[in-house]
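Produce the complete structure using the sequences and hints provided.
Okay, here's what each chain looks like letter by letter:
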Amino acid sequence: MDGERFPDGAEADPDAQGDAPPPPPDRAADGSPGPQPAADPPAGGGGEGRDGPKDVSELFDLVKDRPCRVTEIEGRGFKRTRPLLVTREMERVREARTLEEIQGHLAECMAALEDLDLFASVEGELLEGDKDSPDTCRLVMEFEEKPPWKMHVGTYVQGHEGSVEATVGLRNLLGNAEHAQLSLDYSSQKSSEYAFQLWKPRLVGLPWKGEVKLFNWLRSNQQYSSFVERIRGVSFGLKCSGGLHSFTYDLAWRLLSDPSRLASPAICEQLGHSLKSSLAYDFNWDKRESSGRPKSGRAFRMRTELGGLAPDSIVAKYIREQVDLQWTLPLFSTVSFTLGLSAGMLLPVGQDFLHRKTAVGDRFFLGGVGSLRGFEARGVGPTDARRRRTEQPSHDADHVGAQARDALGGDLLCSASAAVNFDLPHSSLQWLGVYGHAFFNAGNTMLLCCSGRPLRSSLQEFGASFRSSAGAGLVFPTVFGTFELNYVVPLTFSNFDRVKHGMQMGFASTPFLNM
Amino acid sequence: MNYVLHKWSAGWGLPSLSVGCIQVEAVLRFAGLNVYAQHSRLPGSSPTGQFPALEHDNDLVGAPVGTGDEGEFDAMRAVMEYIKGQGEDVDGHLTNAQRGELAGMVALVQVALEPATLYTTWIEPEGFKKYQKAYSGVLPWPLDHVVAWETRRAVVKKLEGISPQKIFEEAVAAIESIADFIEGQQSKGSYCFGDQPSSLDALMYGHLQYYRMAPVAAPILQRKVTANASLLRYLDSISSRFFQEEASPPPPRIIPEEADEEILSRWSMAAQGRRSDVPQSSDEGGRENVHLKKTAKWWLAFAGIMMAAYAFYHPPPIRVQYTDAMLDDDEDDDVDS
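The listed protein sequences derive, respectively, from chains A and B. Count the first sequence with our numbering and you get residues 1 to 515, in order. Count the second sequence with our numbering and you get residues 1 to 337, in order.
These are calculated hints, taken from the structure and not from any lab test. Please note: incorrect hints may appear among the correct ones.
Okay, derived cross-link-like pairs now, BS3-like style, lysine-lysine, Cα gap no bigger than 27 Å in a straight line [unchecked claim]:
#1 B/Lys133 to A/Lys357
#2 A/Lys317 to B/Lys133
#3 A/Lys190 to A/Lys276
#4 B/Lys166 to B/Lys130
#5 B/Lys130 to B/Lys157
#6 A/Lys287 to A/Lys200
#7 B/Lys157 to B/Lys133
#8 A/Lys64 to A/Lys131
#9 B/Lys129 to B/Lys166
#10 A/Lys190 to A/Lys213
#11 A/Lys276 to B/Lys129
#12 B/Lys133 to A/Lys276
Cβ-to-Cβ under 10 Å is the rule here; a few derived chain B residues that face chain A [as the list claims (entries may be wrong)]:
#13 Val146
#14 Val147
#15 Pro219
By construction, the Cβ of each residue, glycine as well, lies at the ideal position given by its N, Cα and C atoms.
The following block contains the structure:
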């Protein structure tokens, strides 16, 4: 840590001092001048005949086990932050009994302070303590607070949809490490998101982050599924430090509508108002070297969602489970192999659950970059024929200007990917983090509920109708996800799938899913 | 050709809880059309987002996009225009003079009765409380209250600036005029313009039967209708002749494409008359021909060879070459230490 100093007057270890070498004889036996006297041993002693510690780390190794405890902690540089917030994190340092323990506990404190996202820099210094107590020291911390506001503006492109996002945030206005953020997102497909978020890390001193979010989302799925989804509600979240576990409760008013009036009957049945009340648990274990360009490591993510948590029996209850796994194995210094698996299931809860339809907004969709390459976004899975326009433009006799079917999504999802990732030879591309990959993807999704078939028959058909594709391309990792430019060849597909043969590009917004 | 009417479900002895739906159904029945009724008690679940909505072949007719439940009369008018446009004009038998009378009476109904119906249903506290129960049992709490209140707010905005006193006074005056008109026409037939019903009969039947039967109707409106024997006879004649039976629901939908696909898939590509696994439908820019497994296998093999060649034989991207000067510096460092 910058400015850390060890206690002054640290005595050299008497055991480390060896006997002084015997004085050489003035003359050798044959009369030639004897060997020159050895240089005096350096001050501070050392090992038997050795030099003293050469640097701080060696000196620290000598004294790290010595009794030492922090008796006073002083923090400086607070403008808005309440000192209690910081001293509460630093208290664990008092439990240390040796320098090594102090160092370890200080590292933990720094991590906890970093979680608060309040400080641009933190510097600490250990000073000698009371002269009457030689095994004590004082800890002085210098803090530089981050600005109280933050702003971000960005544009993104995903498939055929471009979007603009702006967020404005306030940080630590009241001094209790609270954060507030207002975000606006608007896309070319007329989707929009407005959200106001409040969160506080280290909630009541525990290693958990509490969050409340009010949102108003308008998601246009008209292009692929002929419906527009408006969701308004509130979300409460608890996330542990490190992000390993998190719990989220969503209470939202959901309205599905079809402004185009071309929706298929399967989508028309889903239109209208509904209430979403769900509790979700996320487990996120990521030991990859890097999420953008993993060269080694494994990652596992699981989400369990229980919906319909309302006293009213009208609210449809369901359970939704999704599991994602990625494993990267280094082959050579610049080449790695990545294997990814993803599976999901959505089922209503209760009697005759297979005879009750699931909500289209909760289903799984497959297709597109980051999901199943070689297919359009949401281009794989069950579909239903849209209403055909009575009046059609004379140049569009084959309806080629309009998609003929709605993607309905599936209750069951399974996909896998294998890819060889390799660095590109050009140094500038390596510096940008751009790399190449060759991949094989496979996946399938289907409806289980109200399918009109026995469950066994559905599962058999699911296994027999997997889609697959292969290809190669370039990957551009960014902080918002990976952007890919690929050449893809679909290998197997169904009649109503929307295949994308040839060049395909897009964002895989969640790097984890970029298999 | 069949018509499918998406409407609010029946209740309170009425064919529908929505006056607009009653009016549209009346016109369809007057025209003798084959009508199926898709009942729903879920607001917003109509394919157009509000009731009534009419499906006919590939057409879907309803109120303008973005209109909610407060736009039921706009939806009704759009549907009636469509029906007329399909050649099913229930006013086709009217003379020019009758058409003139029709226009005047329709305007009276629109200006005087529609606001009263909306007000007593959505704004009058007692009426709204009873009508809101139609949402309960269909939507979960608190959504039933939220959705109902959202529609109420839209109706309040629609009737902004009109006092309830004026609304009910004009409605009462309109009912009296209608009653006089019907009494005056009874010598010529059972309906407004003779023995054949017209669109005016459908409009009047919807409002007057609603005031008569629905518990949400304001007492002054209900009294005005039930106290007039001519009106009651008129309403009963329409009910007994055209609304004896509920319209049946549409038949189960057959999905020809998927059924055909399953049967066809059992045959070979050649037997199906297809060259390869080319998708039947395409999007944006014409048909795509995808060459399957044969070329894909060769492509994969080529890609695999290229990957292996790159992995094993590509030169390292950065080469470190020691110069004599660097080596000399190293030796000097060794001497100094």
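With the threshold set at 27 Å, check whether the alpha-carbon distance from A/Lys287 to A/Lys200 stays at or below it. holds, 26 Å
Are the Cα positions of A/Lys276 and B/Lys129 separated by 27 Å at most? holds, 25 Å
27 Å limit on alpha-carbon distance, applied to hinted pair B/Lys157 and B/Lys133: holds, 22 Å
Cut-off 10 Å, beta-carbon criterion: hint that B/Val147 touches chain A: Status holds, d = 5 Å.
Was the hint right that B/Val146 lines chain A, CB cutoff 10 Å? holds, 6 Å
Given the hint that A/Lys317 pairs with B/Lys133, does the C-alpha gap stay at or below 27 Å? holds, 23 Å
Is the hinted pair B/Lys166 and B/Lys130 satisfied, with a Cα-Cα distance of at most 27 Å? At roughly 23 Å apart (the allowed maximum being 27 Å), B/Lys130 and B/Lys166 satisfy the hint.
Just to be careful: measuring from the Cβ of B/Pro219 to every Cβ in chain A, is the smallest value less than 10 Å? violated, 32 Å
Check whether the Cα positions of B/Lys133 and A/Lys357 lie no farther apart than 27 Å. holds, 26 Å
Given pair status - B/Lys166, B/Lys129, alpha carbons within 27 Å: holds, 22 Å
Is it true that the CA of B/Lys130 sits at most 27 Å from the CA of B/Lys157? Cα-Cα ~21 Å, so holds.
With the threshold set at 27 Å, check whether the alpha-carbon distance from A/Lys190 to A/Lys276 stays at or below it. Within the cut-off at roughly 23 Å; holds.
In summary, the one numbered hint that this structure violates is 15.
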